[in-house]
Every structure is written in structure tokens, then in C-alpha cells.
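Peer 1: Going down the list, the protein sequences come from chains A and B. Each step along the first sequence adds one to the number in the working numbering, with nothing skipped, and position 93 is 314. Each step along the second sequence adds one to the number in the working numbering, with nothing skipped, and position 78 is 82.
Treat the hints as calculated values from the structure; they're not laboratory data. Some hints could be false.
Stated by the list, open to error - Distance ranges between label pairs, derived from CB positions:
{"id": "1", "chain 1": "A", "residue 1": "Gln332", "chain 2": "B", "residue 2": "Asn26", "range": "24 to 32 Å"}
{"id": "2", "chain 1": "A", "residue 1": "Arg236", "chain 2": "B", "residue 2": "Glu59", "range": "45 to 53 Å"}
{"id": "3", "chain 1": "A", "residue 1": "Ala223", "chain 2": "B", "residue 2": "Asn101", "range": "25 to 33 Å"}
{"id": "4", "chain 1": "A", "residue 1": "Gly249", "chain 2": "B", "residue 2": "Arg111", "range": "32 to 40 Å"}
{"id": "5", "chain 1": "A", "residue 1": "Pro260", "chain 2": "B", "residue 2": "Ile115", "range": "18 to 26 Å"}
{"id": "6", "chain 1": "A", "residue 1": "Gly224", "chain 2": "B", "residue 2": "Glu30", "range": "40 to 48 Å"}
{"id": "7", "chain 1": "A", "residue 1": "Gly283", "chain 2": "B", "residue 2": "Ser66", "range": "42 to 50 Å"}
{"id": "8", "chain 1": "A", "residue 1": "Ala223", "chain 2": "B", "residue 2": "Lys7", "range": "13 to 21 Å"}
{"id": "9", "chain 1": "B", "residue 1": "Gly86", "chain 2": "A", "residue 2": "Ser300", "range": "36 to 44 Å"}
Glycine is no exception: its CB is placed at the ideal position from the N, C-alpha and C atoms.
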Amino acid sequence: KAGVTQTPRYLIKTRGQQVTLSCSPISGHRSVSWYQQTPGQGLQFLFEYFSETQRNKGNFPGRFSGRQFSNSRSEMNVSTLELGDSALYLCASSLAPQGAAEKLFFGSGTQLSVL
Amino acid sequence: EDKVVQSPLSLVVHEGDTVTLNCSYEVTNFRSLLWYKQEKKAPTFLFMLTSSGIEKKSGRLSSILDKKELFSILNITATQTGDSAIYLCAVLRNSGNTPLVFGKGTRLSVIA
Numbered sequence: 222k223a224g225v226t227q228t229p230r231y232l233i234k235t236r237g238q239q240v241t242l243s244c245s246p247i248s249g250h251r252s253v254s255w256y257q258q259t260p261g262q263g264l265q266f267l268f269e270y271f272s273e274t275q276r277n278k279g280n281f282p283g284r285f286s287g288r289q290f291s292n293s294r295s296e297m298n299v300s301t302l303e304l305g306d307s308a309l310y311l312c313a314s315s316l317a318p319q320g321a322a323e324k325l326f327f328g329s330g331t332q333l334s335v336l
Numbered sequence: 005e006d007k008v009v010q011s012p013l014s015l016v017v018h019e020g021d022t023v024t025l026n027c028s029y030e031v032t033n034f035r036s037l038l039w040y041k042q043e044k045k046a047p048t049f050l051f052m053l054t055s056s057g058i059e060k061k062s063g064r065l066s067s068i069l070d071k072k073e074l075f076s077i078l079n080i081t082a083t084q085t086g087d088s089a090i091y092l093c094a095v096l097r098n099s100g101n102t103p104l105v106f107g108k109g110t111r112l113s114v115i116a
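Please construct the entire structure, taking both the sequences and the accompanying hints into account.
Peer 2: Structure representation (C-alpha cells):
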């Protein structure tokens, strides 16, 4: 069974641009969560979607947004990129919403570099 | 504010050594504590701990939770170079805006 797939693997953008990252969860998983990982802050929660509805949102500015489609695939968008947005963006999926899930399965992430 | 603190932040050991990684937490609505291993990019699940004092084991790795003192440890015996990775501790909450709160991780390097 295929794991969590994230595309693209690497991305280089310049300040002010916007970017869209994609995540395909494990088949049958309806919950998708997004995390930002930086060396200084570790993994920080961005948002969680379950059955196309945003269930939770972390403490990130409105430039960070996401959505989930009926097939459970999810996208996240970052507008007006800043240098500080350079990070590894990880997607995780689970059968149930995070509060009820026993564990999350992570994708390999998208490494975003903002120049 | 909810927080998960891991120590040490980095560690270098020789093959065959035994290491203990620490994780303390102050989190509301605690549900369980999870350990992940991150070798390259994707964190992979190691353990989920819900009850105090019950050791979970998988090969050379073991972990235990103390819900009274709010901490967990991850032990790795007879370390191998393949154990080199970032070990992440996370607390899963029953409710709240941030369901899963991660520590910053411990970077373990095992040298031959």
C-alpha cells in the first residue's frame, strides 16, 4: 500500500511569490495534517483537514492556507513568501482525526527554499 | 502554553554504547506520547505510550512514560550507525487547536 506522497520534493522561490504544495494521503485515510519543520523551531502544526473540513489551525499567519478535496488529497498554499518560510513542509495522514488517531504516517516532505 | 522539551538536543556516541533520550512535557488534555525517528525526511513511528510505568520494547529500543512526573525516556542499547537520526517526541492531545505538540528533537550521531 502506497505511503503518503508529497510533491514537489524540492522548491526554490523568491520573496513575494506564492507556492502550492500537494499531499496524497494513504488510501483510506481521511485526515491530513501539515507541519512546518525548521532547525530552530522543530515541527510546528499548521492545520488539519478531515473530510474536506479544516478541524484545527496552528499559530501561523493568514498567508498560510490549505484545503482538502473529496478524494482526501490536500494542498497547502503560502502567499507572499518570506525568507523565514524556508523550511521542510511535512504532511501526515491518519484514519481518524488527530485527536482520535493512534499515530500519524508522514510523507517525505517538500523542502522549500525562499531566496 | 503547551510545550514538549527534549534533551539533549544532540548527542554523539560510539557504536555499542547505550543512550537515553529524554522528553518532558506540559500539555493540557494529554492523550498519549509518541516517539518518532526521522532519518532523512519522513518521521517514522516508534512507540505510543498511554499508561505510566509500562515499558514498550522493539528490538534494541525501549520507552517508558511517567505521567506523574510528566516525562518519557527512549533507550537505545548496543547502538549502531543506522540509529543515527533525529528522535522526535510528541504529545497527542484529546482536544485543542494543536492536536499534536512536538519537541525540537534529539539529533543522535553514532560513529563507528
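Peer 1: All hints, please: hold or fail.
Peer 2: Outcome of the hint check:
{"no.": "1", "hint": "A:Gln332 with B:Asn26: 24 to 32 Å", "result": "holds (29 Å)"}
{"no.": "2", "hint": "A:Arg236 with B:Glu59: 45 to 53 Å", "result": "holds (49 Å)"}
{"no.": "3", "hint": "A:Ala223 with B:Asn101: 25 to 33 Å", "result": "holds (30 Å)"}
{"no.": "4", "hint": "A:Gly249 with B:Arg111: 32 to 40 Å", "result": "holds (34 Å)"}
{"no.": "5", "hint": "A:Pro260 with B:Ile115: 18 to 26 Å", "result": "holds (21 Å)"}
{"no.": "6", "hint": "A:Gly224 with B:Glu30: 40 to 48 Å", "result": "violated (33 Å)"}
{"no.": "7", "hint": "A:Gly283 with B:Ser66: 42 to 50 Å", "result": "holds (43 Å)"}
{"no.": "8", "hint": "A:Ala223 with B:Lys7: 13 to 21 Å", "result": "violated (35 Å)"}
{"no.": "9", "hint": "B:Gly86 with A:Ser300: 36 to 44 Å", "result": "holds (41 Å)"}
The structure fails hints 6, 8 (numbered hints given earlier, in ascending order).
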